[in-house]
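There are 2 protein chains.
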Amino acid sequence: MTTMQDIIGYLAAILTTASFLPQAILTIKTKDTKSLSLSMYALFTLGVLFWLIYGLSIADKAIIFANSITLILAATILSIKIYNILCNKG
Amino acid sequence: MTTMQDIIGYLAAILTTASFLPQAILTIKTKDTKSLSLSMYALFTLGVLFWLIYGLSIADKAIIFANSITLILAATILSIKIYNILCNKG
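Same order as they appear, the protein sequences are chains X and U.
The numbers in numbering that gives the first Met the number 0 rise by one with no breaks, and the one at position 14 of the first sequence is 13.
The numbers in numbering that gives the first Met the number 0 rise by one with no breaks, and the one at position 46 of the second sequence is 45.
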């Protein structure tokens with residue numbers, strides 16, 4: 000049976016995962032990363048990679064699925080940020 | 000016994016939680032939010048709030064602790080972004 004607790008958990012996971020999509024779209028479109036923190040995206044991308052490894056190690060499909068998507072989005076944003084720093088665009 | 004799996008899980012949680020600290024510091028210092036997505040921070044803050052409610056409902060101290068910190072950091076960034084939009088600073 001799906002409880003209210005489960006629904007809140009699913010909603011939480013969907014919202015925090017989906018949230019990185021509009022940021023990735025904005026960053027890809029504008030290429031502007033001046034107000035994005037390099038440390039944030041470096042730590043966050045590494046953290047999501049660990050979540051993915053954790054999900055794989057306990058074979059939890061929800062953790063694997065959510066963190067695979069977030070990893071792609073976060074790594075994309077991080078790559079544009081690093082590119083901009085290397086090209087002195089901030 | 001703490002397993003390798005547990006350590007990866009803890010590392011993942013610490014990294015994804017801590018990552019919002021440098022972003023919050025940068026945003027508070029510079030007040031620049033031009034390249035931050037409003038949709039991202041709106042969805043993310045709501046998602047973290049749901050994680051907190053979920054953690055409270057299953058009485059999981061780790062989920063409550065991590066998401067309380069992230070909620071404060073994400074809500075701070077979101078507030079500055081909304082303030083900037085209202086003041087036409089982007």
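These are computed hints drawn from the structure, not numbers from a lab.
Every value quoted in this text rests on a predicted model; they were computed, and no experiment measured them.
Mixed in with the good hints there might be a few duds.
Identical chains share a label here; the pair holds if one copy fits it or two copies do between them.
Said to hold, decoys possible - Subject to a maximum C-alpha distance of 25 angstroms in a straight line, what follows is the list of computed BS3-like cross-link-like pairs (lysine-lysine):
(1) Lys88 <-> Lys30
(2) Lys88 <-> Lys33
(3) Lys88 <-> Lys28
(4) Lys28 <-> Lys60
To see whether the hints hold, each was checked on the structure:
1. Lys88 <-> Lys30: both (9 angstroms within a copy, 18 angstroms between copies)
2. Lys88 <-> Lys33: For Lys88 and Lys33, both the intra-copy (8 angstroms) and inter-copy (14 angstroms) Cα distances are at most 25 angstroms.
3. Lys88 <-> Lys28: both (15 angstroms within a copy, 19 angstroms between copies)
4. Lys28 <-> Lys60: neither (31 angstroms within a copy, 39 angstroms between copies)
When the structure is compared with the earlier hints, a violation turns up for hint 4 alone.
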